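J.: Listed below, chain by chain, are the residues.
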Amino acid sequence: QKQSRLRGRSDCQIDRISAREPNRVLQSEAGVSEFWVSDENDELDCAGVEVARHTINTKGLFLPFYANAPELVYVVRGSGIQGSAFPGCPETFESSSEGAGRGKEQFLDRHQKVFRYKEGDILALPAGAVHWTYNDGDTQIVLIVLRDTSNVANQLDRNFRKFFLAGNPQSQQVGYGQPEREHAGGSGGWGKQKLHEQESSNIFNGFDDQILQEVFKVEFNIVNQLKGQKDNRGFIVRADNFDVLIPEKQEYQRSSPRNGIEENICSTELRANIADPDRADVYNPRGGRLSSLNGHKLPILNWLQLSAEKGVLYKNAVLAPNYNLNSHSIIYVTSGNSRLQIVRNDGTAVFDGFVQQGQLIVVPQNFAVVKKAGEQGCEWVAFKTNDNAITTQLAGRFSFLRALPEEVVANSYEISREQAKELKYNRQEGVVLSPTSGSTRQKGMNALLNVLFS
Amino acid sequence: QKQSRLRGRSDCQIDRISAREPNRVLQSEAGVSEFWVSDENDELDCAGVEVARHTINTKGLFLPFYANAPELVYVVRGSGIQGSAFPGCPETFESSSEGAGRGKEQFLDRHQKVFRYKEGDILALPAGAVHWTYNDGDTQIVLIVLRDTSNVANQLDRNFRKFFLAGNPQSQQVGYGQPEREHAGGSGGWGKQKLHEQESSNIFNGFDDQILQEVFKVEFNIVNQLKGQKDNRGFIVRADNFDVLIPEKQEYQRSSPRNGIEENICSTELRANIADPDRADVYNPRGGRLSSLNGHKLPILNWLQLSAEKGVLYKNAVLAPNYNLNSHSIIYVTSGNSRLQIVRNDGTAVFDGFVQQGQLIVVPQNFAVVKKAGEQGCEWVAFKTNDNAITTQLAGRFSFLRALPEEVVANSYEISREQAKELKYNRQEGVVLSPTSGSTRQKGMNALLNVLFS
Amino acid sequence: QKQSRLRGRSDCQIDRISAREPNRVLQSEAGVSEFWVSDENDELDCAGVEVARHTINTKGLFLPFYANAPELVYVVRGSGIQGSAFPGCPETFESSSEGAGRGKEQFLDRHQKVFRYKEGDILALPAGAVHWTYNDGDTQIVLIVLRDTSNVANQLDRNFRKFFLAGNPQSQQVGYGQPEREHAGGSGGWGKQKLHEQESSNIFNGFDDQILQEVFKVEFNIVNQLKGQKDNRGFIVRADNFDVLIPEKQEYQRSSPRNGIEENICSTELRANIADPDRADVYNPRGGRLSSLNGHKLPILNWLQLSAEKGVLYKNAVLAPNYNLNSHSIIYVTSGNSRLQIVRNDGTAVFDGFVQQGQLIVVPQNFAVVKKAGEQGCEWVAFKTNDNAITTQLAGRFSFLRALPEEVVANSYEISREQAKELKYNRQEGVVLSPTSGSTRQKGMNALLNVLFS
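Going down the list, the sequences are from chains A, B and C.
Residue numbers for the first sequence follow the working numbering, so the first one is 580 and each next one is one higher.
Residue numbers for the second sequence follow the working numbering, so the first one is 580 and each next one is one higher.
Residue numbers for the third sequence follow the working numbering, so the first one is 580 and each next one is one higher.
Simulated from the structure, these hints should not be mistaken for lab results.
The model shown is predicted, which means the values in this text are computed figures rather than measured ones.
Hints may be right or wrong, so weigh each one.
No copy is singled out in the list; a pair is fine if it fits within one copy or between any two copies.
To be verified - Calculated lysine to any residue pairs in the SDA-like style (CA-CA distance at most 25 angstroms, straight line): (1) Lys741 with Arg595; (2) Lys876 with Cys668; (3) Lys796 with Ile825; (4) Lys697 with Gly937; (5) Lys697 with Ala851; (6) Lys697 with Ala859; (7) Lys638 with Asn863; (8) Lys741 with Pro666; (9) Lys876 with Ile844; (10) Lys741 with Asp860; (11) Lys697 with Lys809; (12) Lys638 with Glu993; (13) Lys876 with Ser846; (14) Lys741 with Asn620.
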C-alpha cells in the first residue's frame, strides 16, 4: 500500500530528543485537557504530529467538533460512549419510547450510530467528521490522542485546527501550562501561542444572527444558545440528563440498509481493543507482550494511514533493539517506566534516559531504539504514522543478523565464524527479551573490561 | 480513494479572504486572458492553485501547449473544439476527402481524437498532455480555468509552468492588470512578476536551428516558423481556414482499437456537462439546484484528483451553511451575486460580503460557509481539490445535528429537549433552502431582540 | 497509478543546469565512493535526489546498511552478489555442508535470499531494508546509485540518511572532492558539509555496552567488534574468506513457502537487466536503441515509484527532442558523449553543451531536451522519478505534431497546409533518429539563410 505524508520541512536536525510532559493545559467544567504542542524543529514538529490528553469526569460531555487532521485515540482509563457523524450516513439509531402511550405514533429521536468504548481501546477519528464523547461511567476517562497534522487528509498547512460546533472554548480557564522554554512568571505571552483551542469560539459565532435564524427557522434565543457566547463551561461540559441508549452487546450489522456511495465509511468499525492479553502478537512469559493494531485488523486505519502498538514489559525485561522501517513512533507510557536509548544514523544517542508514566517520547523513522523496563515494569502505547508499520529487529530471533550469511557477519565485524554464529544465534528469544540474570561477578568483570578496552 | 496534495507551506495564516477580480491580463490577436495570480500567503497560495479566464473570439485558436499541472475548465459561454494529444495514443480521426478523385488513393490527414464542447461543460486537461482549442462558433468563448499547481502530477515546485509549442507569447501586448496592491501608474515592475506566460517564447526557441532542421528534415524557413520569433499574435491566434471535422453526434466508442498500455487514457472521456438542469443532484423548486461532477461520474477526475460543482440559487435563496470536508473550494460566480460568510476554526468570519459575477473566492478546507443569493439570484461554478469532494451540512435536513442524539444537542447548547427538537427538525429542506418570507414585523422584533440580548 | 513526491521547495528557479562530476569522495579499504551532493536550489535539489558512484574492488564487501530513502542502482561494470534482508522474510538459503560427516546432523548456516548481478542490471533497494553487496568477480564493480530522498517512503526530511550496521565510516580517509563552488585550497569547511557518510559511526555505537551484551548474550569483545570503534576500513572492506553460494542459474521460485503478510516483498524480484540489446523497446539500426524498465516489467518499481532507461546512440545519431511528461530524468553517461540542449518553459536553453562519460545531468520534469551523440556515440542510463515514466516526442513518427490536425499545425506556425504536412511527416523515424547525411553544400546554404533571415 502506498502511503504519503506531507512535510513542510526540508531539513530536520534532531540533535536531542526529550521525554516530555504536556506543556499546555485547559480547564473545562467537567474535565481537563493537556497538550504536547510542538516547537519549531523539535521532534514532534519533525514527526508532523501533536498529542493531547483529555481527562473527562463522570457525566462529562466532550462537545461536538471536527478537525482538519485525523486523530487516533487510546483509552488509558475509563469507559464511555462515542459518536462520530459522517455526512450522508443514515440515522440508524432510535431512542426508546419511554413510557409511551401505545397505539399512538410517537415522535422518536433518531441519530447516527453511537458505540461504547472502554479502557484499552483504540478509537479512530477521521478528519472532517463530527465527533463527541460522553462519560456515562463511574470513573474518570483518560484519553491520549495523536493528532496527525501532516496527514494527507489535511490540505491547508501543518497547524492543527479544531472546529467546535458548540460551546465557547474562549472563556475557559487556563491552568498551569506555561510554555516549556519561557521563564515562570512571564505574562502577556499567551496571545502568540499555538494553542488553537484556547482562542476558539464555536463556528456558529462567525455567522449572522439573522441568517442563522433563517436557516434553522428557530427563535432568536435558540440562535443565541447556538453561538454560546455566554457559555463558560469550556469544551468538556457536565451533562446530567443523558439517556442515550446503545445495544448492550454491540451488534455490528453489516446488513443494515445504507445509502450507496458512502457505504463503507458509514458501516466501518472505528474502535478495536489493543490491550487484551489474548490479542498479543508477541508473547514471552518471561518478558512481556506486544499487540499491534494496523489496517489489516481495523480497516479504517488504512484510510487514516496510522496504526498503533500496545506493549507490556515485565520488570527489567528488554524490548530488542529495533527501528521503525516505515513510520515514526510516538510513545506514551501508561504505567511504570523504561530506560530508552535512541540512536541516530551517525551512531549518536540522541536520547538515553528514563521515560516515566505519563511522559511522551518520539522515535523518528529509522532511528534505532532499545527499551528496558524499570523495576515496576512498563506499559505503553505507541502511535505509528503508517497504516502498516513495520519494525526491524537488530537482535534476537528476528534480527537482521539472521538474514545475513555468516561470512557477511564475520567480515563486517572482523570476528571469527564461530563468533558470528554466537552473534546470530545466542539470543533465541524474539522481540521481547527476558532479563538476563547477570551475576554480580559477571557485571564486575564487564565493568573492568570496559575500562581496559575503551 | 487516497488523495494527496503537496504543500510548500508549513504555516498558512488566513486572516482575511477577498472576493477577487483578476490581477493580470494579456491581449492576444484573437482573445484576451486574465489571471488570478497568488501572492505570498494569500488564500490562493494557501490553496495551492491559480485561476485564469480566457476569452476566445470567433475563429480564435488557442495555441498548443502543455503544463506542469492539471487544469480543470468550466465553459462559461460559447462552444468550440478541443484537442488533447497524449503520447502513444493512436491517430483515430481522419480528415474528409474533400471532393476527392475516386479510385485514386489520397493522402489524408490523420490526428488524435478531437471533441466538441459547449457552455456548461467541464473539461479536464491532464498535466503534461498537449492541448489546443478552437472557436468555430458564432460567439466568444469564455473559459474559467483552475490550475492545480499543488497537484501530485507536478514534481518540481508550486509555480505554474506553461510550455507553448508554437507562437511567441513574449511579444503580446499587456493590458491593464496592474498588480492589485501596487499604486496605479507605477511602471517597470512587470519584470519581477510571477506571470510565466508573459515571458515565454515557445520551447522550440531553445533548440539549435541546425538540429531542428535535422530532426524535422524540413527547410530553414519552416524551422523559422516553428520558432515563431517574429510571431506577434500572442497565444490566441486568428485561424480563418479551419475545417476540422468531428462527428455530428459525439459517439463515444469504447470498442475502438487501442494500443495496450495507455488504453485508458487514450479512450477516456475528458468532458462532461455540469449545468443541464436535469443533471442536478440537489433540487428545490423554491430555492435552486446543485450539480456535482466527481470521479464517479467522470473517471479522469480520479486521475486529476479534482472535481467541480455547479450551483444555481434563486433570488434570496440560501445554500445551507456547510464546510468542505476534504477539499478546498474555489468559487467563481458566473451570474448574479451572493452574500457569503466564511468562518475560521476560531469562530471568526474571515469574509462577510457580496461576491459579484466575474469574481472569485476561495473557501479553505473545513472553513464554514453560508451563501445567500442576491436579488438577481446567483449561479456559480466551484472547483474542488479532491476527486470526491464531500461537504457537511450545518443546517437543514442533512445537518450534522440530525446525526446527534437529542441529549447531545440539548446539553451542548444548554437548551431544552423541545428546543433541541426544533433545532434538529424545524428546517425540513436539505441543502438548498428557500427564502423565508419573514414579515416586516418579525424582522423588527428580531432587531429589537438583538439589541436587548447582545 | 497514483504517484506522489514530497517537496520542501515552493519555488525552484532553474536558470542554468550543469553537467556534473561528483563533488565528494570517500576512500575505503576495498573501494572508493563518489557523491553528487546537491546545493541549495540547484537542479539536484529541485529534483529531490542525490547520486553516488561506488567502485568496489575484487573481494570488496559493502557493509550492511539501511537508508531512509529508496535507491536505484545501475551496474556500470563488473558482477557481484547482492543481499537485501527484509524483516519477517524467511531464511530460505542454506550453506552447503562442506565435507560434512554424514549421518550426523550438522549446524548449517541459514540466511535470506541472495542473488547475482552483472553489468547492465538495475537493482532496486527499498528504503528501510538491510542491504549489502560483495564483489566475487575478477574486475572492479562500478555502481551508479540514485537516492530518492523525496520519496514518500521517507517521512522525516529531504536529507539522505544512511544507517550502517557495521564498521566505522567515521575514520575513513577523505580524498579530493572539494565542494564544486569553493576555491581550491580552502580548508576547514568539511565540518559543515552535507556528507552524512563521512560523519557516521555504525548505529550500535549509540547503545550501551551492557545492554548490547545482554541482548546478544555474547562476550564483551564481540560487542566491541559490533561497535567497530577501532575499525578503520571504511564501509567497503576486504573480505578474503567468502564462500556464499548461490544457485548457478538463478531459479526464481514463486511456489516457495512464505509467511503470509509480507509474501510479496519476500519473493519479489529486485533485479532486472536493462542493457541487453534484445531487451530494446526502441531500435533503429541506423541510430541506436532504448530500453526502459518500469513497474510493468519489474513490479518492485511500483513500490519505489522509480524507473530507468538505458540508451545507446550511434555516432552522430539523435534522440528526438522530447520531454518527460511525469518525472524528472537523471542521466548518467556510461560511455562516449552527447551534446544536449535542455529548454525551459519560457523557451530559454538552460543547458547547451556536451555531457561526457562519467558525468551526470538532470532534466527536470516537462523541460524539453534533444540529445545528439558525439563521434564515439553515446551510452547512458537515465533514472526517472516515476514508476511508469512517460516521454512525449516533439519530432519524429511519435511527435505530438502527428496528433494535431493539419489545420492546427498550419495556423499555429503560420505555414501552408503543404508545409504542415512536411513538418508532420517528413521525419519517418520514431524516437531514435539516424544522422542526416547533410551535404556540405546544404550546410553552407543553411548558414547563409541563418544570416539572412535571423
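J.: Which numbered hints are broken by the structure, listed smallest first?
T.: Numbers 3, 7, 10, 11 - these are the hints that the structure violates, sorted from lowest upward.
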